[in-house]
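Engineer: Here is what each chain is made of, one letter per residue.
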Amino acid sequence: MQPALLPRIARGDMPAVSEFLRRHTGMVHGLARRVLRNAEDAEDAVQDIFLDVWRSAHRYDATLGSETTFVTTIARRRLVDRVRRATVRPAAQSLEDPAMLASEEDTSVELREAAAIAQNALDQLKPEQREVLQLSLGQGRTHEEIASSIGIPLGTVKSHARRGLLRLREMLGVKADDPGGAR
Amino acid sequence: MNQSVLSRRDQLLVDGALGALEGPDQAAFEALLRDPTAAAEFAALERSAALVAMAEFANGPTPAPTPSPLATRLRDDALAFFAAQTNSPQSAISERPRKVVQFLAPWLLAALVTVVLALWRTPRAAQPPELARAELLATPSGLVRCEWTPGPSPRRGDVHGDVVWSPSTQAGFLRLNGLPPLDAGHCYQLWIVDAARTGPPVDGGRLEPGPAGREFVVPIGAKLPVQQPAAFVLTIEAADGVVVSAQEHVVAVARP
Chain G
1 MQPALLPRIA
11 RGDMPAVSEF
21 LRRHTGMVHG
31 LARRVLRNAE
41 DAEDAVQDIF
51 LDVWRSAHRY
61 DATLGSETTF
71 VTTIARRRLV
81 DRVRRATVRP
91 AAQSLEDPAM
101 LASEEDTSVE
111 LREAAAIAQN
121 ALDQLKPEQR
131 EVLQLSLGQG
141 RTHEEIASSI
151 GIPLGTVKSH
161 ARRGLLRLRE
171 MLGVKADDPG
181 GAR
Chain U
1001 MNQSVLSRRD
1011 QLLVDGALGA
1021 LEGPDQAAFE
1031 ALLRDPTAAA
1041 EFAALERSAA
1051 LVAMAEFANG
1061 PTPAPTPSPL
1071 ATRLRDDALA
1081 FFAAQTNSPQ
1091 SAISERPRKV
1101 VQFLAPWLLA
1111 ALVTVVLALW
1121 RTPRAAQPPE
1131 LARAELLATP
1141 SGLVRCEWTP
1151 GPSPRRGDVH
1161 GDVVWSPSTQ
1171 AGFLRLNGLP
1181 PLDAGHCYQL
1191 WIVDAARTGP
1201 PVDGGRLEPG
1211 PAGREFVVPI
1221 GAKLPVQQPA
1231 AFVLTIEAAD
1241 GVVVSAQEHV
1251 VAVARP
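These protein sequences, in sequence, are chains G and U.
Okay, so the first sequence: first residue is 1 according to the numbering used here, each after it adds one.
Okay, so the second sequence: first residue is 1001 according to the numbering used here, each after it adds one.
Bear in mind the hints are in silico, worked out from the structure with no lab data behind them.
Note that this is a predicted model, so its numbers are computed, not measured.
Built from N, CA and C at the ideal position, the CB exists for glycine as well.
Just so you know, not all the hints are guaranteed correct.
Stated by the list, open to error - Computed Cβ-Cβ distance ranges for the label pairs, DEER-style:
id, chain 1, residue 1, chain 2, residue 2, range
1, U, Glu1147, G, Gly173, 50 to 58 angstroms
2, G, Glu144, U, Pro1061, 18 to 26 angstroms
3, U, Gln1228, G, Gly173, 40 to 48 angstroms
To be verified - Residues from chain U that keep clear of chain G, each with C-beta distances beyond 10 angstroms, as calculated:
id, residue
4, Ala1028
5, Ala1132
6, Val1144
When you get a sec, could you build the whole thing from the sequences and use the hints?
Structural biologist: This is the structure we're talking about:
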């Protein structure tokens, strides 16, 4: 596991900030591009997300998850907020878009390991739950978009997503002993 | 939580973590989060959702590289953010009670140095800052000089100008134009990020926005010695200045 940076960042250690940005900017930017589907909005969101990370660094608790999970949790929250506030949202972008495919960025060992564990849990879900969660959490599709794209009722999408996430949490053993979380 | 029929409470928590709350559910969800147990469950669900997003990201197509201007903005934002966090002896002491003596000694020394510097600068304070700046610029070498770039705050206006700083005399000036006017309850405050200092940045003093549409020069009032200035940051703060900034309004950043 890579040495933790957030405790140093909470003390204003600028080299730790630079290293944190090097490790995580690629993923945060990639998530923002997928969810917001607009390069400019995505860049604005990435700036907001990292400011939130700096503000929240002192709350990081390594016993509750990795730094990658911490920054991803904050990123998702900010992206969800932006989607909710947006009056117009571009159509879902193909992941084959050239803008989404380019040179190697940092896919850290930590990210790959956490992703492998999560993928193993995803594989154990019912196929319909897995599909809905992948579209919702992986590609940033709304439940309405998912219902429309795979042709099932909205209520069914919601049900699959809810039960799928609850089951995942069980399988991943994610603890609930952090009343404040990364908020 | 995993019953055959999900309770309203559980639906709200899961929908919140999925980003799928709608209309009135949002208010009910926010009310629910006042319960620490519910908030903890929500945090765990959020982390579970983040793990799925991470898996999908890691298994998906290789992402586009981060645009270089974005990387620069992120670095500037970070500098500005940490610059705006002032050194707070009280909070530092409370975090490190066993280091009070070690902590106080450099502060006392710094305070003495600041007093000496202030006394040393006093005779020059009588001359207009524009002239004092020109004098400083005429000194042989070793000056730090950098241009202002816009900060992330929506209230940043259109700031132009530069910063000149002399590490040897610990004196410097801000040249500014385009600072938006402020109401009586606010002021601008300068912060100096010192790469040689492990703690938060140095308070560089408060300033008024200056005459509209005209350039003006303000002396820097660093409260502590600055060894390696890495950034000069202007924020909007409450009228009397702050000890701990909320970093809500960074209007300009100048990096050497």
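Engineer: Next step is simple, just say for each hint if it's right about the structure.
Structural biologist: Hint by hint, here is what the structure shows:
no.	hint	in the structure
1	U/Glu1147 - G/Gly173: 50 to 58 angstroms	holds, 52 angstroms
2	G/Glu144 - U/Pro1061: 18 to 26 angstroms	holds, 25 angstroms
3	U/Gln1228 - G/Gly173: 40 to 48 angstroms	holds, 46 angstroms
4	Ala1028	holds, 15 angstroms
5	Ala1132	holds, 31 angstroms
6	Val1144	holds, 17 angstroms
Hint compliance for this structure: every hint is met.
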